[in-house]
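Use the sequences and the hints to build the structure in full.
Residue numbers (the numbering used here), protein chains in the order written: chain A, 264 to 736; chain B, 334 to 580.
Please keep in mind that the hints were generated in silico from the structure rather than gathered at the bench. Since the model is a prediction, treat every value here as computed from it, not as a measurement. Treat the hints loosely; a few may be bogus.
To spell it out: a stretch of chain A is covered by chain B in this simulated footprint if at least three of its residues, at any positions, have a beta carbon under 8 Å from a beta carbon of chain B; those stretches are [claimed, not checked]: (1) 498-504; (2) 515-529; (3) 532-546.
In the PhoX-like style, the derived pairs of lysine-lysine whose C-alpha atoms are separated by at most 20 Å in a straight line are [unchecked claim]: (4) B:K559 with A:K501; (5) B:K507 with A:K501; (6) A:K672 with A:K400; (7) B:K507 with A:K492; (8) A:K711 with A:K400.
Every residue gets a Cβ at the ideal spot worked out from N, C-alpha and C, and that includes glycine.
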Amino acid sequence: MTPPFHAAFASHPLSRRAMLGRVGTGLGTLGLAGLLFDEGMLSSAQAAAAVNPLASREPHFPAKVKRVIHLFMNGGPSQVDTFDPKPMLAKYNGEKPPAADIKTERRTGGLMMSPFKFNACGESGIEVSEIFPETGKCIDDICVIRSMHTNVPNHEPSLLMMNSGETQPTRPSMGSWLCYGLGSENQNLPGFVVLCPGKPVVGPQLWSNSFLPGIYQGCHINNSNLNPKEVIRNINNKYLTRDAQRRQLDLINQMNSLHRDESGGDPQLEARIQSMEMAFRMQTEAQEAFDLNQESKTTRELYGSGQFADACLVARRLAERGVRMTQVFFGAGQPWDDHGNISAHAKKARDCDKPIAALIRDLKSRGLFEETLILWGGEFGRTPTSEGSDGRDHNNHGFSVWMAGGGVKGGMAYGATDEFGFAAVENRTHVHDLHATILHLMGIDHTKLTYRYSGRDFRPTDVHGNVVHDILA
Amino acid sequence: MVNRVWQHHFGKGLVGTPSNFGALGDRPTHPELLDWLAVDFMEQGWSLKTLHRKIMLSATYMLSSEHSEQNSEIDAEARLLWRMNRRRLDVEAWRDALLAVSGNLDPTLGGENVPLTGVRRTVYTKVSRHDLDELLRLFDFPDANVTSAKRTVTTVPQQQLFVLNSEFMVSQSKALAHRLQSSADSESERIETAFKLLFGRAPSEQELQIGLTFLSTATEDQQEQKLNAWEQYAQVLLSLNEFMYID
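In structure tokens:
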């Protein structure tokens, strides 16, 4: 039995002749193999794709959404203080009825009402916390999922679950899977970019490629320094003028070409020759992508100032330039983790509210909104019961995320938690379901995006996940 | 065992799926050979050295990777080993080779693991499971949290950015340039020394000429650069496919 295509891809790029020799085999996986085989196409363009792992490729079925921007509120924002209003908390404030006595990581006290008011927003009238006024104004473009749940009330496993579909390390991250399945639309930039001013809890494992090829790892940008010359390692040559480097590259090309011709045209050698040229172009294009000075004053004012605002603007620029997934961490460590003083959520919301609305409006005005999926949320939620006098503990039983963009119904609140906002009860949506839905929006059947490792096929949703069709436009 | 060692020497095992000899894995290309080597390995007291010697002294191992149109028609991927596979050096060997030719390599054996910023052989480097060193990750060193029966071999622009722009490459280029300039007085002789050192052969007439042309042009504006002409040329040689792929 012939091995799956990716095994060959993993070793040497195949010559066109070799690839033609494999047509008759049963190749079932997406990634390079499925595409090539299903479309019956083995033109030299497709043969070249086998040589370039980031070449853009078509999904399983036509889809509007081409890229994802994940606004990741690491630390776990509280749903009852942001997007899931619970009037019963005021009524039962301080009490702990049986329905509120659900086990979480720590002991919590009685129910604690939100210090914030909720207002009906937009034409849809969905209620949003007063700490998110600008986001509230965009609610008609947003689908709030109030019935999320995950497995563990602890950061590390839940961060891993949200990012890579498994509570234990190590599995490839969603961004890695997406690049593996679809490639990237811009060969001069990384396909998966992660912005975090420092490192979040767990760290690089959250954007790891794991057993997928190394090129699919997220490119971490420490956006506390957005100097274009320094954002990506080795993007800038400090020793030579551009002309002198070009001269070097020309000689490299000449000598590599002689060597390649001697070899009878080995595709590996050709691949590296092309890759050198791409690198040369990448220097200018990547620096340009991160250069916020190119933006107008109006745009800068739309997003506001601050690290998160700049990060959202970078995300829009990367989306414009075809980066497949951009993940924006709210901050280093786990900023939303308010075990004490839940009112501290207000400042964090202030830091991201305006940029979020700006991002939505900016994408719309540039005609990118329908092709982009924005996901907002953390790794879990928080308890409606109090921790200490005024904080909230981790809550994996129920929390909120929202999505906006192509293919998603706007002005919708999907699912519900119980009367206190503790556990998801109606239209329960697990993180796996969220992942399946995101993949579906991008034209991928989550059960068919597989990679053979260690004797079995792996996929981003492993053996779980159902697409939530009700939220699809 | 035998299959893994074969894979190391040939780039691909007799069984292409080294962790899976089961129903869902590859069939061996040469089942009798695999069996014979396995039995012989056991009979030789499980000696890896004997196994290495046996494989490396075989006629098959000594085949070149030279292309043949006729043979390619029948077996394009050389599954039946009518030629050797051209292999890319893994990152350990490539980094060691760069340090060796520049003269920077510290050949000390043994001792504690060291950071990659040093000049010891790469096998002595500290490997972080949490945050794998960039050079290692870029050149397909596996994620240290998972097993890897066979490394992927990717070719991506970020690798070439390292080759063109990194401090490490510049450092080796400067040292190599110095070494070449000290080796002889004439530029032609220095180029010949370079080829012998890096590629184990003499340069062709064409390679010599284009090298001399490059050096001459680069000398004209080397005042404007932070690398002199020989350092630029040294970096070119270190960047070549011939230094990275075993023919």
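Status of each hint after checking the structure:
A stretch counts as covered by a chain when three or more of its residues have a beta carbon under 8 Å from one of that chain; for the segment 498-504 of chain A and chain B the count is 7, and the coverage holds. Proximity of the segment 515-529 of chain A to chain B, defined as three or more residues with a beta carbon under 8 Å from a beta carbon of that chain, is established by the 11 residues found. Counting residues of the segment 532-546 of chain A whose beta carbon lies closer than 8 Å to any beta carbon of chain B gives 11, which meets the minimum of three for the stated coverage. Annotation: proposed proximity of K559 of chain B to K501 of chain A holds, straight-line Cα distance about 8 Å (limit 20 Å).
For a cut-off of 20 Å, the pair hint linking K507 of chain B to K501 of chain A stands: about 14 Å separates their Cα positions. The hinted pair formed by K672 of chain A and K400 of chain A meets the criterion: a straight-line CA distance of about 16 Å does not exceed 20 Å. For the hint pairing K507 of chain B with K492 of chain A, the CA-to-CA distance comes to about 23 Å; that exceeds 20 Å, so the pair is violated. Taking the CA atoms of K711 of chain A and K400 of chain A, the gap is about 38 Å. The hint is violated against a cut of 20 Å.
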